[in-house]
Structures are given as C-alpha cells and as structure tokens.
Amino acid sequence: MIQAPDLPLWAAIAVGFLVLLGASITLIGALGLLRLRNFYERIHPPTLGSTLGTGCILIASMICFSTLHSRPMVHEVLIAIFVTLTTPITLMLLARAALYRDRSEGSAGVPQDLESVSASDIQQFAPDQP
Amino acid sequence: MKRLVPFPLLALALFVMWVLLTGFSPGHILLGAVVALLVSRVMLTLKAEPPRIRFSMAIVRLAMLVLADIIRSNVAVARIVLFRPAGQRSGFIEFPTELRDPQALAALAIIITATPGTLWLQHDAQRHLVLIHVLDLVDEAEWIALIKTRYERLLMEIFV
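Taken in sequence, the protein lines are chains F and Y.
Residue numbering for the first sequence follows my numbering, beginning at 1 and increasing consecutively.
Residue numbering for the second sequence follows my numbering, beginning at 131 and increasing consecutively.
Derived from the structure by calculation, the hints contain no laboratory data.
Here the structure is a predicted model, which means the values were calculated and not measured.
Hints are supplied without guarantee of correctness; some may be wrong.
[As the list claims (entries may be wrong)] Examples of chain F residues lying across from chain Y (beta carbon under 7 Å, computed):
hint, residue
1, Ile-28
2, Ala-30
3, Leu-33
4, Tyr-40
5, Arg-42
6, Leu-48
7, Leu-52
8, Thr-90
Positions of the beta carbon are idealized from the N, C-alpha and C atoms, including for glycine.
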C-alpha cells in the first residue's frame with residue numbers, strides 16, 4: 001500500500017475531500033444508469049463522472065503531487081482535455097446506434113431521420129446505390 | 131514559414147503536451163519541438179483545412195461559460211438521478227444552427243455533449259438542423275434560445 005506521510009494536514013484534508021467528492025459524483029452518475037427510464041435518458045448521467053467527477057479527482061491529484069514534490073504539477077490538465085475531447089465521440093456513437101435501431105424498428109417517440117429527404121434525392125442521381 | 135509549419139496551433143499544442151508529460155529539461159524541449167514539427171505535418175496528408183480562429187476575449191468568455199454550465203448541469207442531473215422530480219421528462223429538440231464551419235460545429239458538438247443533460251445526436255448539413263436530446267426538457271424554444279445566445283454567438287465570433 002502506498003503511504004502519503006509527508007502530506008501536510010491542510011493538503012490531506014483538501015485532497016481527501018476532493019477525491020471523495022469526485023468519487024461520489026461519479027457514483028451518482030452510475031446510479032443514474034439504474035434509475036432512469038430509457039436508453040436516451042440513461043446516456044446522460046455517466047457524463048457526471050467524465051466532467052465534474054474527473055475534475056475533482058484531477059484537482060486532488062494536482063494538490064497532492066504538487067505538495068509532495070514542492071513544485072507545481074499540472075500535467076493532469078492533459079487528462080482533463082483528452083477526456084473532454086473523447087467522451088463525446090463514445091456518447092454519440094452509442095446514441096446514434098440506438099437511434100438507428102429504433103428508427104429501423106419503427107419505435108414510437110423517436111424523431112424521423114433528418115436526412116431521409118435528402119437521402120432519397122441522392123439516390124435519384126446514383127441509381128447503383130442500394 | 132507557412133510551408134515549414136502548416137499547422138502552427140497543432141504544433142504548439144503537441145509541443146506543450148510533450149513538455150508537460152516529460153518535464154522541463156533542455157533535451158526534452160528540443161525533442162518536443164522536433165516531434166511537434168514533424169507530427170503536425172501528418173495533417174497535410176489528411177488535407178485538413180487549417181482552422182480560422184480569431185483570438186479574442188470571446189475564447190476566454192466561452193471557456194468560463196462552459197465551465198460554469200458544466201458544474202451547474204452536474205448538479206441538475208444529479209438532482210434528477212437522486213430525487214426523480216415528478217414533472218421531469220426528456221425529449222428531442224431540433225436546433226436550427228447558423229454555424230457552417232466544420233470546426234465550429236465540432237466545438238459546439240463537444241460543448242453540448244460534454245455538458246451533462248444534453249446530447250448532440252445528428253447534424254443535417256443540408257438543412258442545417260441539429261438533433262439534440264435533452265434530459266430535462268421543459269420548453270423546446272427556451273433550449274434553442276439558450277444554445278443560440280450562450281454558445282452559438284460566441285462560436286461565430288471565434289471561428290471566422
């Protein structure tokens with residue numbers, strides 16, 4: 001087990017509080033997966049973990065390692081940037097897959113394809129397309 | 131200069147990333163500069179259009195606004211998950227966007243999806259409509275006005 005004996009009291013309190021807060025926010029997000037009603041609603045809560053949850057834990061990590069090494073450590077910022085840039089891709093892929101399935105099954109409560117009109121226009125000019 | 135560094139912003143970002151990851155030392159600063167210059171040239175084969183960004187206070191204002199909105203929506207979504215308010219319903223909205231620049235649209239997609247409670251689903255490039263799913267949908271027109279005045283206006287200032 002990794003010990004952190006050199007952490008001064010103020011830093012230990014701040015780090016502990018932020019890590020707990022971040023973990024709790026992520027847990028609430030995970031709980032949302034259980035509690036909400038349909039797929040499109042369930043896809044929202046996990047973003048709690050990828051935004052504020054990650055943010056709190058990263059700030060805690062910055063405080064912890066900046067105090068231990070007595071110089072500013074800010075490369076956690078990179079994690080925040082990469083997580084922010086990449087999670088939308090995953091979320092959009094999942095949501096688009098669900099939307100495609102619901103549309104092809106003709107489920108109720110799902111908006112029609114925005115491009116359905118333009119897609120038929122394209123087919124007129126490209127008859128070899130399926 | 132333009133031919134040597136076709137994507138100066140990307141090269142700068144790669145260089146900063148390299149230095150942040152490896153720490154400040156003359157060797158790594160030199161190596162990072164070489165890597166940044168060479169790797170940013172890879173984008174040439176993708177034939178990507180360099181972004182046309184106007185650097186102004188609008189970028190800072192947008193960043194602060196998005197940060198504040200992310201924290202606020204975190205609280206809002208957490209409340210919906212924990213307490214399940216009775217009147218809450220979710221739904222899709224069609225957002226008519228005035229943005230045409232692909233990079234500006236990508237930025238708006240990231241902002242909307244990274245903010246808990248809203249999710250960018252689909253963009254119709256011909257009719258300029260964006261399909262967005264909203265977790266707490268009270269009034270469709272209100273959401274469209276919100277996205278327009280808060281993000282779209284600033285993005286149009288930034289991407290010229």
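Cross-check of the supplied hints:
1. Given the 7 Å rule on beta carbons, the hint for F:Ile-28 holds: about 5 Å separates it from the nearest Cβ of chain Y.
2. Of the supplied interface hints, the one on F:Ala-30 is violated, with its beta-carbon coming no nearer than about 9 Å to a beta-carbon of chain Y, more than 7 Å.
3. Hint on F:Leu-33 is violated. Least Cβ distance to chain Y is approximately 9 Å, over the 7 Å limit.
4. Because the closest C-beta pair between F:Tyr-40 and chain Y is about 5 Å apart, less than 7 Å, the hint holds.
5. At its closest, the beta carbon of F:Arg-42 sits 10 Å from a beta carbon of chain Y; the interface hint therefore is violated under the 7 Å criterion.
6. Taking 7 Å as the C-beta contact cut-off toward chain Y, the hint placing F:Leu-48 at the interface holds, the least distance being around 6 Å.
7. For F:Leu-52, the shortest C-beta to C-beta distance to chain Y is roughly 4 Å, which falls under 7 Å, so the interface hint holds.
8. Evaluation of the F:Thr-90 hint against chain Y yields a violated restraint, the C-beta minimum of about 9 Å exceeding 7 Å.
When held up to the earlier numbered hints, the structure conflicts with 2, 3, 5 and 8 and fits the remainder.
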